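All residue numbers for the sequence shown refer to the numbering used here, where the first residue is 46 and numbers rise by one.
Quick caveat, the hints were computed from the structure, so don't treat them as lab data. Being a predicted model, the structure only gives us computed values, none of them experimental. Cβ atoms here follow ideal geometry from the backbone N, Cα and C, with glycine treated the same way. Heads up, a few of these hints could be off.
[Unchecked claim] Between beta-carbon pairs, the in silico distance windows are:
1. G202 <-> L347: 14 to 24 angstroms
2. V91 <-> P224: 48 to 58 angstroms
3. T121 <-> D245: 49 to 59 angstroms
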Amino acid sequence: MPSSPASSAAPVPGADALITPDLLLLVDAIARHGSFAKAAREMGKVPSAVTYAIRGLEDKLDVLLFDRGGHRAVLTPAGQALLADGRLLLQSMEDLTRRVRRIATGWEPELRIAVSGVLPWPPLYDLIEDFQHVGGATKLRFSSEVLSGTWDAMTSGRADLLIGGDAAFAPPGRFASRPLGEVTLVFCVAPHHPLAKVEDPLAPSDIGAHCAVVVADTSRALPPLTRNLLDMQQRVVMPTMQAKIDAQVRGVGCGYIPRVLAQPYLDQGLLMEKATRDGQMREQLVYAWRAPAQGEALKWWLKKLDSARLRASLTDPTPAG
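Between the sequences and the hints, there should be enough to build the whole structure, so can you do that?
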């Protein structure tokens, strides 16, 4: 006898329970994608299994979690409440798992590292290669953070280690930190940009007449920041610092770029530095972690970051050989 689509689909683990971590992950995936089919692809399941699991959960709770009337699956108020508390529960379970494994082996199953968008990646690639020889049991998970997103990654628990937080905006909390170095940001335009021909130093009225290229703040909870933007200035918001640089090289707009990232483009003549009446911007950066450092992987990274040579390679465009 042919089986029904639900019975032929791969079973969802724990589907007989009322609310399980797997079901919470399904709800989260559907809410993010607005689609049962896309959530199924992300979770590695067939769509019928996802539909069957969510309908079963709705039946057991006697509530409707998703409004399926439009082109997207949208959480109902009950679904929003379930997801908000469910995400906290999933995070707590993940933290518990990490603590237990760390106690058992000393090495974290995963080390989450948030890196400021004002820093170059090549020096970190060298560290990653070195770490693979000693900490193979620990998975490294990196995120690139901008403005308030750096410290938000720490306060929200999204990161175990922050590299490049602005010391001026360090929030209160059980964080230990050490100086990483000073980053200078310079105002750059493409040689064919109209501001390239304007006499230095540029006045705010000169800059305000042209589009600014900025990077979106990655904060999820802390108030987002803006830096050196005029109120009425047109702007293009890019997803990464590299995308911002590429846009400025093409002449899309103007803006400040960390010298450590801009220097290769300045040397090649793809960008030119312009003096402004406000002068150069400087940030005092730190690397930070939740004290005390317990896992062996975190201790390894902190020991490496204690190197003055490494810190210079991250902040200085021409570090000493």
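Hint check results:
One distance hint, 14 to 24 angstroms for the beta-carbon pair G202 and L347, holds here, with the actual separation near 18 angstroms. Taking 48 to 58 angstroms as the suggested C-beta distance range, the pair V91 and P224 conforms, at roughly 52 angstroms. Between T121 and D245 the CB atoms are about 58 angstroms apart, so this pair conforms to the stated range of 49 to 59 angstroms.
Going through the hint list in order, the structure satisfies each hint without exception.
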